[in-house]
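Going by our numbering, the letters in the sequence shown line up with residues -15 to 288, in that order.
Check the hints yourself; a few may be wrong.
Unchecked claim - Here are the simulated SDA-like cross-link-like pairs (lysine to any residue), alpha carbons at most 20 Å apart as the crow flies: (1) K105 to L167; (2) K92 to N227; (3) K105 to Y191; (4) K263 to N227; (5) K263 to E231; (6) K147 to T0; (7) K136 to K105; (8) K34 to F9; (9) K282 to P193; (10) K34 to Y191; (11) K20 to F9; (12) K23 to R61; (13) K35 to Q57; (14) K210 to L46; (15) K282 to Y191; (16) K94 to F127.
What the hints contain is simulated information worked out from the structure, not anything from laboratory work. Treat the numbers as computed from the prediction; the structure is a model and nothing was measured.
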Amino acid sequence: MTTNDQHFFSPRYWPTWAGLGILYFISLLPYAMQIKLGKSTGNLMYRLFKKRRHITEVNIRLCFPQITPAEQQRLVRNIFQNNAIGMFETSMSWWQSDQFLSMPVTLKGKQYLDDALSHNKGVILLGAHFSTLDMGGRLLARFYNVNAMYRKHNNPLMDFVIKREREKHLAHTIERKNLRGVLKALRKNEIVWYAPDQDFGLKHSVYAPFFNVPAATITATSRLVKLNNSPILMFTHHRCPDNSGYELELFPIIEGFPSGDDTRDATRINQELEKGILKDPGQYMWVHRRFKTHPEGKNFVYRH
-15 MTTNDQHFFS PRYWPTWAGL GILYFISLLP YAMQIKLGKS TGNLMYRLFK KRRHITEVNI
45 RLCFPQITPA EQQRLVRNIF QNNAIGMFET SMSWWQSDQF LSMPVTLKGK QYLDDALSHN
105 KGVILLGAHF STLDMGGRLL ARFYNVNAMY RKHNNPLMDF VIKREREKHL AHTIERKNLR
165 GVLKALRKNE IVWYAPDQDF GLKHSVYAPF FNVPAATITA TSRLVKLNNS PILMFTHHRC
225 PDNSGYELEL FPIIEGFPSG DDTRDATRIN QELEKGILKD PGQYMWVHRR FKTHPEGKNF
285 VYRH
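Take the sequences, apply the hints, and build the full model.
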């Protein structure tokens, strides 16, 4: 930390330092113990965080109407467990050595990314907010140099830590509004990892179905691909069901994208995201208000 960042030691950041310290010491525990502790923490969060639980329940009810209410509730609890485990996985990915992270890692579909890179146009790697987000990036970095786009954190200290720790393993982090940085990476035939699965309002979005529910979906994905006529393909990362390791998967290049129709393109992107999420719905961050933008008013679907 440089002298310019000494203000991070002011009292306003003490709670953040305390939280980071707790996560750091938890990251030193054996992996199996962290998974078990994460599950217990998730059960506690499920009971205490009623607002987030409500948001998650609404999302699951809308997106998985085909399963019974009891199955929906079990999935919601599983989501909280995985999100808590994901916090500890994030701290492991930031602060632990490769020797510590020695669990088996499988990379499926490597040929698709190799094919995309052979075009010499750079690659847009389509991602989503899975609970294993930072762990997935750390593990993918074993195979490829990756640039990750991100949204600046509201807490300056957290933003500093996230950027610093991610860049220990990733090539660069690129703030999502920095199109010049994205273009520079693509022109060097580099990979840019990008997750367009959150609701940023309608200003730069269109309504497109997400699990058959109209969702405000950003159109920036089409613009990113157009920057350098780069191929785009889906990337997923999940902890194995028995907690024995991780599976990373790359999907085939999305052909005919962009089409010139923003709604059609947004729909196509959401379909790709759905394929990745359905590999294990419990490991997706359903705690976010994915449908907060609504024709009837902001947060309409979450009011009841």
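Do the hints match the structure? See the list:
1. K105 to L167: holds (10 Å)
2. K92 to N227: holds (18 Å)
3. K105 to Y191: Outside the cut-off at roughly 29 Å; violated.
4. K263 to N227: holds (15 Å)
5. K263 to E231: Holds, at roughly 11 Å.
6. K147 to T0: Answer holds: K147 to T0 is near 15 Å, not above 20 Å.
7. K136 to K105: With a Cα-Cα distance of about 27 Å, the restraint between K136 and K105 is violated, given a limit of 20 Å.
8. K34 to F9: Outside the cut-off at roughly 28 Å; violated.
9. K282 to P193: holds (17 Å)
10. K34 to Y191: violated (28 Å)
11. K20 to F9: holds (15 Å)
12. K23 to R61: holds (10 Å)
13. K35 to Q57: holds (15 Å)
14. K210 to L46: At roughly 33 Å apart (the allowed maximum being 20 Å), L46 and K210 break the hint.
15. K282 to Y191: Holds - the C-alpha atoms of Y191 and K282 are around 14 Å apart, at most 20 Å.
16. K94 to F127: holds (9 Å)
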